[in-house]
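Participant: Heads up: the sequence lines are chains A and B, in that order.
Going by numbering that gives the first Met the number 0, the first residue of the first sequence is number 0, and it counts up by one from there.
Going by numbering that gives the first Met the number 0, the first residue of the second sequence is number 0, and it counts up by one from there.
It should be emphasised that the hints constitute simulated quantities derived from the structure, not laboratory data.
These numbers were taken from a predicted model, which means no experiment stands behind them.
Where a beta carbon is used, it is the ideal one built from N, C-alpha and C, also for glycine.
Only true hints are included.
Restricting the straight-line Cα-Cα distance to at most 30 Å, the calculated cross-link-like pairs of lysine-lysine (BS3-like) are:
no., chain 1, residue 1, chain 2, residue 2
1, A, Lys129, B, Lys246
2, B, Lys44, A, Lys124
3, B, Lys143, A, Lys44
4, B, Lys241, A, Lys124
5, A, Lys133, B, Lys133
6, B, Lys143, A, Lys143
7, B, Lys81, A, Lys103
8, B, Lys76, A, Lys133
9, A, Lys239, B, Lys129
10, A, Lys143, B, Lys44
11, A, Lys181, A, Lys229
12, A, Lys44, B, Lys81
13, B, Lys143, A, Lys81
14, A, Lys129, B, Lys44
15, A, Lys143, B, Lys129
16, A, Lys143, B, Lys81
17, B, Lys103, A, Lys81
18, B, Lys129, A, Lys133
Residues of chain B placed beyond 10 Å of chain A at every Cβ, according to the derived structure:
no., residue
19, Glu34
20, Leu38
21, Gly61
22, Gln69
23, Val77
24, Phe80
25, Val122
26, Leu192
27, Glu195
28, Phe204
29, His213
30, Lys229
31, Asp237
32, Tyr242
One letter stands for each residue in the lines below.
Number of protein chains: 2
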Amino acid sequence: MAKIKLSDIDTNAPKKLDKDTTKAETKRLLEELDELQNLLYAQHKWSLLVVLQGMDASGKDGVVRNVLGQMNPLGVKVQPFKAPTEEELDHDFLWRIHQHTPRKGMIQVFNRSHYEDVLVQRVHKWIDEKTVYKRMDAINDFEKLLTEHNDTHILKFYLHVSEDEQTKRLEERTQDPRKMWKYNANDIKEAKLWKEYRKAYEDVFEHCDYVPWHIVPADHNWYKEHIIAKTVRDTLKDLKMKYPEIKDK
Amino acid sequence: MAKIKLSDIDTNAPKKLDKDTTKAETKRLLEELDELQNLLYAQHKWSLLVVLQGMDASGKDGVVRNVLGQMNPLGVKVQPFKAPTEEELDHDFLWRIHQHTPRKGMIQVFNRSHYEDVLVQRVHKWIDEKTVYKRMDAINDFEKLLTEHNDTHILKFYLHVSEDEQTKRLEERTQDPRKMWKYNANDIKEAKLWKEYRKAYEDVFEHCDYVPWHIVPADHNWYKEHIIAKTVRDTLKDLKMKYPEIKDK
Numbered sequence: 000m001a002k003i004k005l006s007d008i009d010t011n012a013p014k015k016l017d018k019d020t021t022k023a024e025t026k027r028l029l030e031e032l033d034e035l036q037n038l039l040y041a042q043h044k045w046s047l048l049v050v051l052q053g054m055d056a057s058g059k060d061g062v063v064r065n066v067l068g069q070m071n072p073l074g075v076k077v078q079p080f081k082a083p084t085e086e087e088l089d090h091d092f093l094w095r096i097h098q099h100t101p102r103k104g105m106i107q108v109f110n111r112s113h114y115e116d117v118l119v120q121r122v123h124k125w126i127d128e129k130t131v132y133k134r135m136d137a138i139n140d141f142e143k144l145l146t147e148h149n150d151t152h153i154l155k156f157y158l159h160v161s162e163d164e165q166t167k168r169l170e171e172r173t174q175d176p177r178k179m180w181k182y183n184a185n186d187i188k189e190a191k192l193w194k195e196y197r198k199a200y201e202d203v204f205e206h207c208d209y210v211p212w213h214i215v216p217a218d219h220n221w222y223k224e225h226i227i228a229k230t231v232r233d234t235l236k237d238l239k240m241k242y243p244e245i246k247d248k
Numbered sequence: 000m001a002k003i004k005l006s007d008i009d010t011n012a013p014k015k016l017d018k019d020t021t022k023a024e025t026k027r028l029l030e031e032l033d034e035l036q037n038l039l040y041a042q043h044k045w046s047l048l049v050v051l052q053g054m055d056a057s058g059k060d061g062v063v064r065n066v067l068g069q070m071n072p073l074g075v076k077v078q079p080f081k082a083p084t085e086e087e088l089d090h091d092f093l094w095r096i097h098q099h100t101p102r103k104g105m106i107q108v109f110n111r112s113h114y115e116d117v118l119v120q121r122v123h124k125w126i127d128e129k130t131v132y133k134r135m136d137a138i139n140d141f142e143k144l145l146t147e148h149n150d151t152h153i154l155k156f157y158l159h160v161s162e163d164e165q166t167k168r169l170e171e172r173t174q175d176p177r178k179m180w181k182y183n184a185n186d187i188k189e190a191k192l193w194k195e196y197r198k199a200y201e202d203v204f205e206h207c208d209y210v211p212w213h214i215v216p217a218d219h220n221w222y223k224e225h226i227i228a229k230t231v232r233d234t235l236k237d238l239k240m241k242y243p244e245i246k247d248k
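In isolation and in its complexed conformation, chain A is listed as follows:
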């Protein structure tokens, strides 16, 4: 696989695309998604794992709220992964992740994920390079396990924002009373490691490819939400699911 260069990929919506038309189309997709999720739940064969990754303020929460959170919460769970607890650190890095993989019929969303263990820990040099590559191999094995042994379909999204857009959004958090709760002085420090993070992400795209990545231009929320709604819709539709019939009439 040729190495992906994030700097070669546009973070903007395509210029020719009309915002209002696209938003209307997304709305229609969400209705379709609601029905597909019901079918997934009813058939109880497949499951879907959606992994959301991206820099701070890349809009992961917005995807949860405006796209994935629009379906029936009976069949959709969201798990955020923050700094690991003491008990979690006493196990392999996939231990806490595996516990939250979806049951048959369910959609599970990871807001951040096992990928943090080859991103934040690498950028801060808390682990050596040999460990990074061993972990990336282990991640491939893990995603293979879920795919082959539980009919779990995995979708991995990288929300691709520009450095300028991120700076703007982080500043908003210091001004807008509705956003201040998200402010974390540490995010400013992390943003300074922009280049290192990008490099680490590029390596992840190249090596953790048992399941391919979707790189989503994310400077415009309406476009990002459209792409994700469309990708999830296409994925579920491709499963060609059917409602089960009554067995013992």
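With chain A held as given, fit chain B onto it using these hints.
Facilitator: Chain B only, in chain A's frame:
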């Protein structure tokens, strides 16, 4: 790896070995084990996972009671694996197993394990042969994950009893009031699949070899317990553990 034939391996203790001398030696080993377990707990770096497999009545409970259960229960946990629950069946076969892998400093004992998923399910043809081999690959990946990413040392024991000895022990369960609670009519049916189980075990020894197997002659409990005590002692001793010193005197 040359294929192991269980029929070529004696289920008896070596003839020249004296029972009383061996039992005295096991007692000494258990004292040493108690100290080594304390060191493992104190150092909080390594962990030990002991997997016990074997036919019904091969003496797994006895190993837990008389060997592994002789150490401080603060640092030793035992997890039996029975038929999976509905929730467990809705996940990949390693999901319920992973949850019980040991924390740093701990000894975890599995009474039966993930190997049941390539033994009982295969013998009864509940899964096809392709799935069996995929599962065995996944087991190797899983044991590699624990070994490489959490300093977990894995010891796998197959308790090797003869068909005659098993029949004798299953009959005892119908006679001895202290053993009747273990009686299960299903065990008699399973025992009739002796050849199929042996074949499935031989395949497991050959394919699931990321961590090697210990085949323990188990017709004599005193010998079986001695071998296991000695193997665990040797394993813990080889870790060359040290008590941590006080950092900030």
